[in-house]
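S.K.: Protein sequences, first through last, are from chains V and D. For what it's worth, my numbering labels the leading residue of the first sequence as 1, then goes sequentially. For what it's worth, my numbering labels the leading residue of the second sequence as 1, then goes sequentially.
Hints were generated in silico from the structure; no laboratory data involved. We treat Cβ as the ideally placed atom computed from N, Cα and C, and that holds for glycine. Mixed in with the good hints, there may be bad ones.
What the hints assert, rightly or not - Each computed PhoX-like pair below joins lysine-lysine, with the alpha-carbon atoms no more than 25 Å apart:
| # | chain 1 | residue 1 | chain 2 | residue 2 |
| --- | --- | --- | --- | --- |
| 1 | D | Lys734 | V | Lys17 |
| 2 | V | Lys16 | D | Lys734 |
| 3 | D | Lys441 | D | Lys414 |
| 4 | D | Lys517 | D | Lys558 |
| 5 | D | Lys682 | D | Lys560 |
| 6 | D | Lys625 | D | Lys754 |
| 7 | V | Lys16 | D | Lys414 |
| 8 | D | Lys397 | V | Lys81 |
| 9 | D | Lys624 | D | Lys512 |
| 10 | D | Lys414 | D | Lys517 |
| 11 | V | Lys81 | V | Lys106 |
| 12 | D | Lys527 | D | Lys512 |
As the list claims (entries may be wrong) - Below, a sample of chain V positions facing chain D; criterion: calculated Cβ distance under 10 Å:
| # | residue |
| --- | --- |
| 13 | His44 |
| 14 | Lys55 |
| 15 | Ile59 |
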Amino acid sequence: MNYMPGTASLIQDIDKKHLVLLRDGRTLIGYLRSIDQFANLVLHQTVERIHVGKKYGDIPRGIFVVRGENVVLLGEIDLEKESDTPLQQVSIEEILEEQRVEQQVKQESEKLKVQALKERGLSIPRADTLDEY
Amino acid sequence: MFRYQSLEDCPLDEDEDAFQTLGEEDEDIDQFNDDTFGAGAIDDDWQEAHERLAELEDKTVTVREQEDGVGSDEMDLLGHHEENLAERLSKLVIENELEDPAIMQAVQTQPPMQQPGGLNSSIWDGSAVLRRIRGPLLTQEMPSVSVLEYALSQRPPQAREDDRDLSERALPRRSSSPVIGSPPVRAVPIGTPPKQTAVPNFNQQILCPKPVHIRAPVQQRYPAPYGERMSPNQLCNVPNSSLLGHPFPPSVTPVLTHLQRAQLLGGAQAGRMSPSQFARVSGLVGNPLASMNPKLLQGRVGQMMSPASGFRAFFGAPPPPAPPPSQQQHPPCPGSHLQNLRPQPQMFRPDTTHLHPQHRRLLFQRQQQNRSQHRSLNGSTGDRAGHRSSHQEQLRKDPYANLMLQREKDWVSKIQMMQLQSTDPYLDDFYYQNYFQKLEKVAAAEEMHGDGPKKERTKLITPQVAKLEHAYKPVQFEGSLGKLTVSSVNNPRKMIDAVVTSRSEDDETKEKQVRDKRRQTLVTIEKTYSLLLDVEDYERRYLLSLEGERPALMEERKQKICDMYDNLRGKTPGQERLSDDHFVQIMCIRKGKRMVARILPFLSTEQAADILVATARNLPFLIKKDAQDEVLPCLLRPFSLVLYHLPSGTITSLLQQLANLPQSATVPVPANLHLAAVLQNKFGLSFLYLVLSRGEELQSSHAATELMQDNQWTELMFMATQELLRIPQAALAKPMSTPSNLLSLFSRYVDQQKLNVLETKLQLVQGIR
């Protein structure tokens, strides 16, 4: 059944496995069960996947209801190609640890940068929570 | 509290009198009165009272339906008070036709409830049943019901105004305007999808005294034997009795949760009572058959059952295809008056009446296709190999599949289609229309050339809505001073009164003047551009218009073209055109140049020539200004087209302008700066070439032509060739195109030696390049 040819509609995507990228940077993988006119999504058997470098870890989350405006992009996962990845899956604890380390490193470098700029009399405008402005 | 047996007991003696009076007053007031605390307060026999009222209601409803009347003084339980208020309000309001749906609709009519689509059983009468079903719930949850009922009663007038509504309403048709204030929170928000039954456990609802079977929407349903079945009249009393007699789990609300009720009402509002909703009603009331035979509960109801029973049913049965299988009714038993008598064999469709008929048909066809697909797939013995069947199998194995029903998908689809409604698609979605037109042209061309099989490319047909003009009339109340300022989505209120005041300062600085002038030019460009877009659109409008309108359209178009030209040349009515200044200003701006290029095809030859001459006259200046933008070359093509039509006299004057010679050339200047500048610019050089080429064309076409005899032309040619020879090759610009007849042109005016020089310099011969 071809719903609305020539348009982008999520109806064809229902009951398929999707990868959803959210605005806060999280990556969710789950079966898309339901949608509505705002592209609010209901994800089933959802797993939050954290990527650090070449490793990733999955945290099972259950059912997600995502408000449409928070979705950056989403795409269907080809189940056959899903396992065909160079990335290495690790345990949750490990990936969280890796993530923490990565955050720390980033923060350190950020701090140094800000320091250097301050010494030169410059400043980076702070990115607010409203990232679209 | 202040009662004492005797005043002597009162310890305080001073305020004896005060207390005495108090006591007397107290004696008058019976604080523990009967109504509050006594027998009058206890409404123990509410069921009987309800039944009485229900009968009364029944009578009034039937009476009302018989006379088909608009009796407004009905003893209506539901929303009785609200109706009174509404009536009073409606009498106050002057304007009866409130066209703005976003504002409270104080007008209320009391039409009989429209027959829900298809159900023509007199017993199974929508309104009556609705009311009765709602009856027991009155005392419990009145506000939410009344609001919805209020809204519900307005559906018929709105249905009449259907064609008007759609242009104003952005909401799905099911909803209607909030009435008095906002609807209570518990009411279903407008725009919620059709909801499934929220009652999870059917198995618990077994305890109904008699098997109730309102209708058999499913072909496999085996209705209870006739004698055991209850009429809908009795049906409604069942919940009452069941409530009494049965230990219903407290979580299960009496008959319907308020949400479901609202759902019912919402569904009725949409124009038809959804049969599946009735199914829910029936299911809820207690369908022992359902519990006994889960397989029968196909469709929504079954899905919500607990995994234990429901999914097993699903594993067994194929996933139910598209809409509820209500269309497949084979009433196997007599007494079918209780069953759903649907005269039309069509399947239940979501409300698609507002969609384009072709789209509706397409949707319907697709649904049918899908159904047949499902059927055939399921029916096959797995002979089909490949991705399709494996996908279907996956879906079948997936116990959570189809949680979103086909109906809900259609509903979302419907909303998305509604968003595409447009009164003027070319205005709203120009690029989309153009893109698809181009695609179609390509496809048509391909089909013409290649005799391959015609590819069925499904096209999205967007619904067309007629444009309707509405003048907003503000709501006025009788006897009030002034107008009620009700602002809504459709008529936003003016919050700020901004008045444009033009500055008339005498001591404006020069910079400001310049800036203002530039701004003025920009405004002119914008205005002219709008005219241009309009004129370009006339062809399409012409095709769409009626015969009678066409002359008028042509006139308009001509007028607009004249306006454009006047704008370009800065001609105000009643003023002799004196300077090129205005035009030059426009040409200094990038957008202006592009606009001139687009306007040129529409102008008459005279006007176009005028433009060309003006350009030539000011070319060095324009070249200087164009240094950054480099947009002048865009003018070349329209210029060349114009040149093709110009007579020799104009050509000569053009060349003259390019060379910047006054009418009577006297002193030959060693170096013609004007011309030099022209030659050093790409556009200038190309333009010159074009002019020369045209001249040559004219010369060669007529044997004895004026051009040859014209001294001016010859002089100009000499000048041009002189300059061309003089200028160093490095300084010479690279022209966009070198016309082929230049060689023969030059050969008339220069000797062989110089000709050779020119040849190499200008790369006039094809081979050298």
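S.K.: Does each hint hold? Answer for all of them.
M.R.: Outcome of the hint check:
1. Restraint check: the Cα-Cα separation between Lys734 (chain D) and Lys17 (chain V) comes to about 59 Å, which exceeds 25 Å; the hinted pair is violated.
2. In summary, the hint linking Lys16 (chain V) to Lys734 (chain D) is not supported, as the alpha carbons are separated by about 60 Å, beyond the 25 Å threshold.
3. Under the criterion of a C-alpha separation no larger than 25 Å, the hint pairing Lys441 (chain D) with Lys414 (chain D) is inconsistent with the structure, at around 29 Å.
4. Of the pairs offered as hints, the one joining Lys517 (chain D) and Lys558 (chain D) is violated, with about 29 Å between alpha carbons and a cut-off of 25 Å exceeded.
5. Straight-line distance between C-alpha atoms of Lys682 (chain D) and Lys560 (chain D) comes to about 33 Å, which puts the hinted pair past the 25 Å bound.
6. Proximity of Lys625 (chain D) to Lys754 (chain D) is assessed by CA-CA distance (about 34 Å); at most 25 Å being required, the pair is judged violated.
7. Restraint check: the Cα-Cα separation between Lys16 (chain V) and Lys414 (chain D) comes to about 22 Å, which is no more than 25 Å; the hinted pair holds.
8. Distance hint between Lys397 (chain D) and Lys81 (chain V) is fulfilled; the C-alpha atoms sit about 20 Å from each other, no more than 25 Å.
9. At roughly 23 Å between alpha-carbon atoms, Lys624 (chain D) and Lys512 (chain D) fall within 25 Å of each other, so this suggested pair holds.
10. Distance restraint check for Lys414 (chain D) and Lys517 (chain D): the Cα-Cα separation of roughly 52 Å exceeds the 25 Å cut-off, and the hinted pair is therefore not satisfied.
11. Annotation: proposed proximity of Lys81 (chain V) to Lys106 (chain V) is violated, straight-line Cα distance about 32 Å (limit 25 Å).
12. A C-alpha spacing of about 22 Å is found between Lys527 (chain D) and Lys512 (chain D), which places the hinted pair at or below 25 Å, so the restraint holds.
13. A least Cβ separation of about 6 Å between His44 (chain V) and chain D falls short of the 10 Å threshold, and the interface hint therefore holds.
14. The beta carbon of Lys55 (chain V) comes no nearer than 29 Å to any beta carbon in chain D, farther than 10 Å, and the hint placing it at the interface is violated.
15. Because the closest C-beta pair between Ile59 (chain V) and chain D is about 20 Å apart, greater than 10 Å, the hint is violated.
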